[in-house]
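S.K.: Following the hints, put chain B in place on chain A, whose structure we already have.
Line by line, the protein sequences are chains A and B. Position 71, counted from 1, in the first sequence is what our numbering calls 71; the numbers after and before it change by one each time, with no gaps. Adding 112 to a residue's 1-based position in the second sequence gives its number in our numbering.
I should point out that these hints are in silico values taken from the structure, not numbers from a laboratory. In this text, all values refer to a predicted model and were calculated from it rather than measured experimentally. Careful: at least some of the hints might be erroneous.
[To be verified] For lysine-lysine, the following DSS-like pairs were computed, each having C-alpha atoms within a straight-line distance of at most 27 Å:
{"hint": "1", "chain 1": "A", "residue 1": "LYS49", "chain 2": "A", "residue 2": "LYS68"}
{"hint": "2", "chain 1": "A", "residue 1": "LYS69", "chain 2": "A", "residue 2": "LYS104"}
{"hint": "3", "chain 1": "A", "residue 1": "LYS69", "chain 2": "A", "residue 2": "LYS58"}
{"hint": "4", "chain 1": "A", "residue 1": "LYS58", "chain 2": "A", "residue 2": "LYS68"}
{"hint": "5", "chain 1": "A", "residue 1": "LYS104", "chain 2": "B", "residue 2": "LYS177"}
{"hint": "6", "chain 1": "A", "residue 1": "LYS104", "chain 2": "B", "residue 2": "LYS119"}
If you want the building blocks of each chain, they are given just below.
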Amino acid sequence: AQSVTQLGSHVSVSEGALVLLRCNYSSSVPPYLFWYVQYPNQGLQLLLKYTTGATLVKGINGFEAEFKKSETSFHLTKPSAHMSDAAEYFCAVSDGYSTLTFGKGTMLLVSP
Amino acid sequence: SAVISQKPSRDICQRGTSLTIQCQVDSQVTMMFWYRQQPGQSLTLIATANQGSEATYESGFVIDKFPISRPNLTFSTLTVSNMSPEDSSIYLCSVEGGPTDTQYFGPGTRLTVL
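So here's chain A without its partners, still in its complex pose (with noise of 0.2 Å):
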């Protein structure tokens, strides 16, 4: 079976500053790994996606993430944040088997 952990329901930066949102996994096989954003009203835009070779992942909106197998690990960076990086952030496991399992979701807050 596979999971999805992130860490902090929500998290605050200010305009400018570095974002770090965590996504730990658990999985039987090596996986393919996932984070998407949902705007206020909106639906789940991908963001990024792991899923073999280069284990540092780059994404719209100056978003990457590094796939970290001995820490079982995906986190979601970006240098400095903007107004507009406001939204919810989920990060999405699967095992190839077309089965995606969603983690709890991260809010991110922008703060001026």
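M.R.: Leaving out everything else, chain B in the frame of chain A:
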């Protein structure tokens, strides 16, 4: 990535009635998925719908409550039957985009049951 639309975008319904949600994709896809997102919660998979076969339901979801149709490779419907206030949620459809389990989501249907 696929472009996915859902209808209706939101609805307010009375207890005991049913609502059918439509999901349309701009390209042919094999697998479509239906999720529920309860207020303040994460996404829970309801069922997987493959064209030409019965939908596969996750534990806790049954066909009588959430019948699904998948008449072709670009369209699916989810019906929420005999609704109660506990069914108030966002319902999202998604499609699989390629061999790495990447899923692309529609904008969601916001359902409120009174």
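S.K.: Now tell me, hint by hint, if it's right for this structure.
M.R.: Now the hints, each set against the structure:
no. : hint                  : in the structure
1   : LYS49(A) / LYS68(A)   : 13 Å, holds
2   : LYS69(A) / LYS104(A)  : 21 Å, holds
3   : LYS69(A) / LYS58(A)   : 17 Å, holds
4   : LYS58(A) / LYS68(A)   : 15 Å, holds
5   : LYS104(A) / LYS177(B) : 25 Å, holds
6   : LYS104(A) / LYS119(B) : 26 Å, holds
Of the hints listed earlier, there is not a single one the structure fails to meet.
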